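Asks: Go ahead and model the full structure; you've got the sequences and the hints to work with.
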Amino acid sequence: MLKELTVNTPHEGFVEITSQVAEIVRQSRGEKNLCQVFVPHTTAGVTINENADPDVVKDMLLALNHIVPKLAYQHGEGNSRAHVKASMVGSSVSVPIINGTLHLGTWQGIYFCEFDGPRKRKVYVTIL
Amino acid sequence: MLKELTVNTPHEGFVEITSQVAEIVRQSRGEKNLCQVFVPHTTAGVTINENADPDVVKDMLLALNHIVPKLAYQHGEGNSRAHVKASMVGSSVSVPIINGTLHLGTWQGIYFCEFDGPRKRKVYVTIL
Amino acid sequence: MLKELTVNTPHEGFVEITSQVAEIVRQSRGEKNLCQVFVPHTTAGVTINENADPDVVKDMLLALNHIVPKLAYQHGEGNSRAHVKASMVGSSVSVPIINGTLHLGTWQGIYFCEFDGPRKRKVYVTIL
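Protein chains in written order, with my numbering: chain A, 1 to 128; chain B, 1 to 128; chain C, 1 to 128.
Hints should not be assumed to be uniformly reliable.
You can't tell identical chains apart in this list, so a pair holds if it fits in one copy or across any two.
DSS-like, lysine-lysine: derived pairs with alpha carbons at most 30 Å apart [unchecked claim]: (1) Lys70 - Lys32; (2) Lys120 - Lys32; (3) Lys122 - Lys70; (4) Lys58 - Lys122.
To be clear, the hints were calculated from the coordinates, so they are not data collected in a lab.
Model, not experiment: these values are computed from the prediction.
Replies: Following this line, the structure appears as structure tokens:
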């Protein structure tokens, strides 16, 4: 069973989507053992990290912008660094489900990672 | 149900395997909700990124070669940078399946990432 | 079906958990097609890499410490670099299961990646 979310993103940044994903899990029928969150874009990704202090994801973006260098890239659209960041964080995360709810750690949240916005983005949520 | 693919790789580079994976999904019987693509090697990985402009994956390799430094590594085989790149892109990707076909985004392709070739490599495809 | 492992970690380092995960797979009942290993922490991760030469994971840690820069991070706890490394390696890995056993490559092992220890950590293992 696949459900689709829409995420409106800023220029660049991490948008938390934990509650929307949790709601899809809650409303899902039948067997529920694992939830996959998939991003069908190539200049965005998804990651799990701390959601208690909002500075953590800002620091992550700061670090990624230092890690991925400005080079003589060939891709004509000029957003190669966004493509690199997307593959570094990855296009999907999966979270175990226990008693019908996402079994995340205490400080974990699910973040849509925008590296080339602002855009209207999609996220696919699959329950297994 | 697991199927195995063979990929012949260049010295270093990203080899698209989307059509081979899609064909396995198409021929698979029974329930099909998610497709996992797994690389059973430690100096190669798999990622999802743009397949419209072939320059994108070349730019990604260029970036990774700048990001992963040449250091005084201890591993005797001399390919520690390949191992680091493998863990950075990851050993598997998973893609939702809808109506019996891979539900990738418009610009997404699945790439085998060779960091220590040329080699004859294997890929495991599991349908859930 | 989810099982929980406990991992006692050093200050920073990769702890192999392959045999514990394999044992959970072995004892599991019912259908077994894929094993997901999930880390419910935000300054630790999990990756698959070579377990023949223990220098490989030491080299990986050396590289990650060079790749993730010391910057003017805002997060008050002072461990932002650990959060960045966690998202770079990722919070889960998945391994195909064939004939009831983990179908890893010859040189592959599953590693808990501690970036902010020493700690008593948890790992969730889900069989699908």
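Asks: Now look at each hint and say whether the structure bears it out.
Replies: Hint check results:
| no. | hint | verdict |
| --- | --- | --- |
| 1 | Lys70 - Lys32 | neither (43 Å within a copy, 41 Å between copies) |
| 2 | Lys120 - Lys32 | both (29 Å within a copy, 28 Å between copies) |
| 3 | Lys122 - Lys70 | within (28 Å within a copy, 33 Å between copies) |
| 4 | Lys58 - Lys122 | both (22 Å within a copy, 26 Å between copies) |
In summary, the one numbered hint that this structure violates is 1.
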